[in-house]
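K.L.:
What follows is each chain in one-letter form.
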Amino acid sequence: MTIRKVLLLGLALLASSAAAQKTIRITGYGGTDQTLLTDLINRFVKPTMAKQGITVVYQPLQGDYNKGLTTLLAANTAGDVMYLPAETLDGFVATKKILPLNGLVSTTPFIKSLNTAFTRDGKLYAIAKDFNTLTLVYNKDLFDEAGVAYPSNNDTWTTLATKLTALKQKLGSEYYGICLQPNFDRFGAFAYSTGWKQFDSKGKTNLADPAFVQAFNWYTGLAKDKVGVTPSEVSTDWGGGCLKTGKVAVAVEGGWVVNFLRDNAPNLKYGTALLPKNDATGKRGNFLYTVGYAINASTKNRAAAVKVLNLLTSAPAQQYVLEQGLAIPSRTALINNAYFKKTEAGAQNARLVFEGADDGNVRAFTFGPKGPDWGKPINEALAAVLSGQRSAADALKKAQSDMTTFQGR
Amino acid sequence: MTRKSQATTTAYLFLAPFLITSVIFFFYAFARAIYYSFTDFNLFNTPKVIGLQPYLEVLSDPSFRRALTNSLVFSLVTTTLQTIFALLMAVVLNNRLRGMTFFRTAWYMPSITSSVVITLIFLWLFQRRGVANYVVTQWQTFQPLLLTLLGVTLLIQVVQVLLERRAGHPAGWFDPALAATSVLGAVLVTALLNVLGVVGLREVPPFDYQYFADKWITVGGARVLSIPMLVIIIQNTFTTVPTLMLFFLAGLQGIPGSLYEAADIDGATPLQKLMNVTVPQLRPVTFYVVTVGLIGTMQMFDQVAVIGSAAPSETLITLAYYVYTNTFKAGAAPVNMASAAAIILALIILAMVFVQRRFFPSEVR
Numbered sequence: 000m001t002i003r004k005v006l007l008l009g010l011a012l013l014a015s016s017a018a019a020q021k022t023i024r025i026t027g028y029g030g031t032d033q034t035l036l037t038d039l040i041n042r043f044v045k046p047t048m049a050k051q052g053i054t055v056v057y058q059p060l061q062g063d064y065n066k067g068l069t070t071l072l073a074a075n076t077a078g079d080v081m082y083l084p085a086e087t088l089d090g091f092v093a094t095k096k097i098l099p100l101n102g103l104v105s106t107t108p109f110i111k112s113l114n115t116a117f118t119r120d121g122k123l124y125a126i127a128k129d130f131n132t133l134t135l136v137y138n139k140d141l142f143d144e145a146g147v148a149y150p151s152n153n154d155t156w157t158t159l160a161t162k163l164t165a166l167k168q169k170l171g172s173e174y175y176g177i178c179l180q181p182n183f184d185r186f187g188a189f190a191y192s193t194g195w196k197q198f199d200s201k202g203k204t205n206l207a208d209p210a211f212v213q214a215f216n217w218y219t220g221l222a223k224d225k226v227g228v229t230p231s232e233v234s235t236d237w238g239g240g241c242l243k244t245g246k247v248a249v250a251v252e253g254g255w256v257v258n259f260l261r262d263n264a265p266n267l268k269y270g271t272a273l274l275p276k277n278d279a280t281g282k283r284g285n286f287l288y289t290v291g292y293a294i295n296a297s298t299k300n301r302a303a304a305v306k307v308l309n310l311l312t313s314a315p316a317q318q319y320v321l322e323q324g325l326a327i328p329s330r331t332a333l334i335n336n337a338y339f340k341k342t343e344a345g346a347q348n349a350r351l352v353f354e355g356a357d358d359g360n361v362r363a364f365t366f367g368p369k370g371p372d373w374g375k376p377i378n379e380a381l382a383a384v385l386s387g388q389r390s391a392a393d394a395l396k397k398a399q400s401d402m403t404t405f406q407g408r
Numbered sequence: 000m001t002r003k004s005q006a007t008t009t010a011y012l013f014l015a016p017f018l019i020t021s022v023i024f025f026f027y028a029f030a031r032a033i034y035y036s037f038t039d040f041n042l043f044n045t046p047k048v049i050g051l052q053p054y055l056e057v058l059s060d061p062s063f064r065r066a067l068t069n070s071l072v073f074s075l076v077t078t079t080l081q082t083i084f085a086l087l088m089a090v091v092l093n094n095r096l097r098g099m100t101f102f103r104t105a106w107y108m109p110s111i112t113s114s115v116v117i118t119l120i121f122l123w124l125f126q127r128r129g130v131a132n133y134v135v136t137q138w139q140t141f142q143p144l145l146l147t148l149l150g151v152t153l154l155i156q157v158v159q160v161l162l163e164r165r166a167g168h169p170a171g172w173f174d175p176a177l178a179a180t181s182v183l184g185a186v187l188v189t190a191l192l193n194v195l196g197v198v199g200l201r202e203v204p205p206f207d208y209q210y211f212a213d214k215w216i217t218v219g220g221a222r223v224l225s226i227p228m229l230v231i232i233i234q235n236t237f238t239t240v241p242t243l244m245l246f247f248l249a250g251l252q253g254i255p256g257s258l259y260e261a262a263d264i265d266g267a268t269p270l271q272k273l274m275n276v277t278v279p280q281l282r283p284v285t286f287y288v289v290t291v292g293l294i295g296t297m298q299m300f301d302q303v304a305v306i307g308s309a310a311p312s313e314t315l316i317t318l319a320y321y322v323y324t325n326t327f328k329a330g331a332a333p334v335n336m337a338s339a340a341a342i343i344l345a346l347i348i349l350a351m352v353f354v355q356r357r358f359f360p361s362e363v364r
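So the sequence lines, in the order shown, correspond to chains V and L. The numbering of the first sequence is numbering that gives the first Met the number 0, which starts it at 0 and goes up by one. The numbering of the second sequence is numbering that gives the first Met the number 0, which starts it at 0 and goes up by one.
FYI, nobody ran anything at the bench for these hints, they're computed from the structure. You can take every hint at face value.
Here are some chain L residues the structure puts well away from chain V; computed CB gaps all over 10 Å: (1) Leu55; (2) Val72; (3) Asn94; (4) Gly98; (5) Phe101; (6) Thr104; (7) Ile111; (8) Gly220; (9) Arg222; (10) Val223; (11) Thr268; (12) Leu273; (13) Arg282; (14) Phe286.
Only some residues are given here: those of chain L computed to face chain V with a beta carbon under 8 Å: (15) Phe43; (16) Ala212; (17) Ala332.
Where a beta carbon is used, it is the ideal one built from N, C-alpha and C, also for glycine.
Please construct the entire structure, taking both the sequences and the accompanying hints into account.
P.N.:
Okay, here's the thing in structure tokens:
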């Protein structure tokens, strides 16, 4: 046998084995998700799929996920199943590379607002893998030391502000009441609480709306006398970091803060309360932060990909996600889960994050069809006012003009 | 095959790897960018030619106009600063002094360090609780003592020099021996005044300047240079001066010593020698340094990318960063606009080099 024949035979063998062994790739986040998802796939997905001769691999993208996924989709090398963040859904739908799931997957077991978050023009593009909402996470020791009552689920904007001011006055200049991130990701929840709408019927954003102005003034007003502090002022970049310093009493964060505090501030005694209600509307506002599983429209194994998606969102897999404490699963049936009844701080937080999903004015966290740049005028206005560089009225005027320019493009 | 054609083939074989990479990653990519800049391409659709529309969209985009202004201001200021400092540093390091090898190595260090690392260090230096603000706070705290020390030193020095001169000794204002005595005396006086409670440390609140915020240097109401950009200018000058200094050092070695000797005989001061001998003789090197500087600064990207959202985008956006952000978005992206901006950037750089070649002589006259 000549060398050429041996090579040809080898190639033929490789090709046939590749054909027999189908692989479904799942593209997702790196970091903590990588460990969790690999374990979840090994437990709940691989055994079933292996019986059908299909291997499943998790392909984590490190760094900026959205940019990474865009590149993979453009090059036709993205996974068969992939994470699809709700906030960037519109940009990805425009690529026509996301398979509409209507008729392929049953949506009934999942929370309705989550399905809505992934629907555009009647087409469902992903099934929520889990979600998060915002809560008030507070340092119990600081409230005890100041002799001020903990934030409660009945707090309104006014009562919460009173508590925070009292705490600041008792504890002095080294301590702060609340960590205020200068961006829409957190502030938006308070704006929704007033009944403000992100887009009007023409798709335009009105930052001069009295409801928005009211929320803006309340949020930035907390920075008066340093009751509220921006993360950068305590040398960190988010609310969890603020809590970790032990000098900030309250942070507005979701379930992700639980693992962070367990690892970075194991001695911090914390509690969780729902976000305060707006005095006038009597309602809370909140964000639904959610990431879904979507299917690549150009996958060669559509049926297998759908099976994998169903296994990833199956009840046992979701129970596992809940117990890992990373996020709250998206199945309605989990409401009565025993985990939510535990008294430990993490489980309490999880319960309130779950409750936050349908309490008051809850909206999916999204930037609309023009992408994340939509939030910039608001973020810049918040930063300018919180750092004392501009008056609220001045900053809002500039923000509205920037927003008009942005949306007019 | 003749000997000559064989030699040519060999030459092309050796050149092939570079030619192939240039053709694929430069010429092909450049041609594609030109093509995309006239289409409606968004990474996912089949491009359709729509003429000059992407260019019109780019030119009417406020974010592009800001990027253009930022790039031009950054380029002009940084190139000027780095050329002047590199020349001065080269002149200093061209001396034969003890330990010069150490200084040459030490000054070259910033150039070989990754710009990402240096940017992170600068981000840390200039953050709200960073070293820059700390130094200002310390200066404000120690100001009374330092000013007293400085004033008393000056006073003693003046008195000493005048006394020496009255005694008929030729004493200079900066005489090192007298200066040492003056400083010693000033330290004693300041310490005494401090003990007596006349001068002491000041109680000042920590200096709290936010460098990476929406702050601008304005000229006639127009925002010209942002403070975050100023920090990048300082950083960029710090990291590029050493490399450019090397070019000047090499140039300095080539200047005939006889020119300096002639200048010495004519009684030229060091400044006159620098302006009338060194600078004109270094003209070819200066041309190269300015050209490289302009191209490099017009394409500045990494510092802006590393600082990212730590500063408002308007304060830092440059043309290269504008191209990047319009290409890599979540999903469909205006790649046609990014391509148009990239072509405009290339044309500006070409024009700059052309103007420089046309109006500034690169040869020693």
